[in-house]
Amino acid sequence: MSVRIRLTRVGRKKIPHYRIVVMDSRNRRDGAYLDQIGVYHPRHQPAQVSIDEKKALNWLSKGAVPSDTVHNLLSRQGILLQFDMIKRQTSPDVIAEALSKWKSANADREVRRAGAKKSKRKSGAATSDTPADAPTSA
0 MSVRIRLTRV
10 GRKKIPHYRI
20 VVMDSRNRRD
30 GAYLDQIGVY
40 HPRHQPAQVS
50 IDEKKALNWL
60 SKGAVPSDTV
70 HNLLSRQGIL
80 LQFDMIKRQT
90 SPDVIAEALS
100 KWKSANADRE
110 VRRAGAKKSK
120 RKSGAATSDT
130 PADAPTSA
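Numbering follows numbering that gives the first Met the number 0, with no gaps: position 94 of the sequence shown is 93.
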């Protein structure tokens, strides 16, 4: 049985919410799953992700393969970094130090990303305020 960590869609039409679940890869997208390890709300600004690290690390150590999207979500949470260091049999002290360093760098990255989005919105709003060339009648 090949086990995958992937998303199942819940929520109303055009308002998606996803559960991050562990399931057999042969099951359909919203089919029966073995374990729910988190949730993902992409419509929030910024997108909200909550993942149970212990469950995720447990399933990764058992050989579960994350889908591309879940791989990106786990990477952004620092779980894949932690799993890689555990897999290489790094000491817990070194893992904790590396994770704290990564989280501080990630927080700085998020602040810069939010600032860039705000400036992009402001520049986009400034250009949209200018009137477009009106068509001339001949």
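Certain hints may be false.
Said to hold, decoys possible - Computed list of lysine-lysine pairs in DSS-like fashion (alpha-carbon distance at most 25 Å, straight line):
1) Lys100 with Lys53
2) Lys100 with Lys54
3) Lys102 with Lys54
4) Lys12 with Lys53
5) Lys100 with Lys119
6) Lys86 with Lys102
7) Lys116 with Lys102
8) Lys100 with Lys86
9) Lys54 with Lys13
10) Lys13 with Lys116
11) Lys102 with Lys117
12) Lys53 with Lys102
No lab work stands behind these hints, which were simulated from the structure alone.
These are the hints, each one checked on the structure:
Between Lys100 and Lys53, the direct Cα distance comes to roughly 20 Å. Compliance with the 25 Å bound is thereby established for this hinted pair. The straight-line distance between the Cα atoms of Lys100 and Lys54 is roughly 23 Å, inside the 25 Å bound, and the hint therefore holds. With a CA separation close to 20 Å, the supplied pair Lys102 and Lys54 stays within the 25 Å bound. Distance check on the hinted pair: Lys12 and Lys53 sit about 32 Å apart at the alpha-carbon level, beyond 25 Å; violated.
With a CA separation close to 29 Å, the supplied pair Lys100 and Lys119 exceeds the 25 Å bound. Straight-line distance between C-alpha atoms of Lys86 and Lys102 comes to about 20 Å, which keeps the hinted pair within the 25 Å bound. Between Lys116 and Lys102 the CA atoms are separated by roughly 21 Å; this keeps the pair inside 25 Å, and the hint holds. A C-alpha spacing of about 19 Å is found between Lys100 and Lys86, which places the hinted pair at or below 25 Å, so the restraint holds.
Taking the CA atoms of Lys54 and Lys13, the gap is near 29 Å; set against the 25 Å cutoff, the hint is violated. Taken as a hint, the Lys13 and Lys116 pair is honoured in the structure, with Cα atoms around 24 Å apart against an allowance of 25 Å. Among the hinted pairs, Lys102 with Lys117 is consistent with the structure: their alpha-carbon atoms are about 23 Å apart, no more than 25 Å. Our distance criterion of 25 Å between C-alpha atoms is met by Lys53 and Lys102, whose separation comes to about 17 Å.
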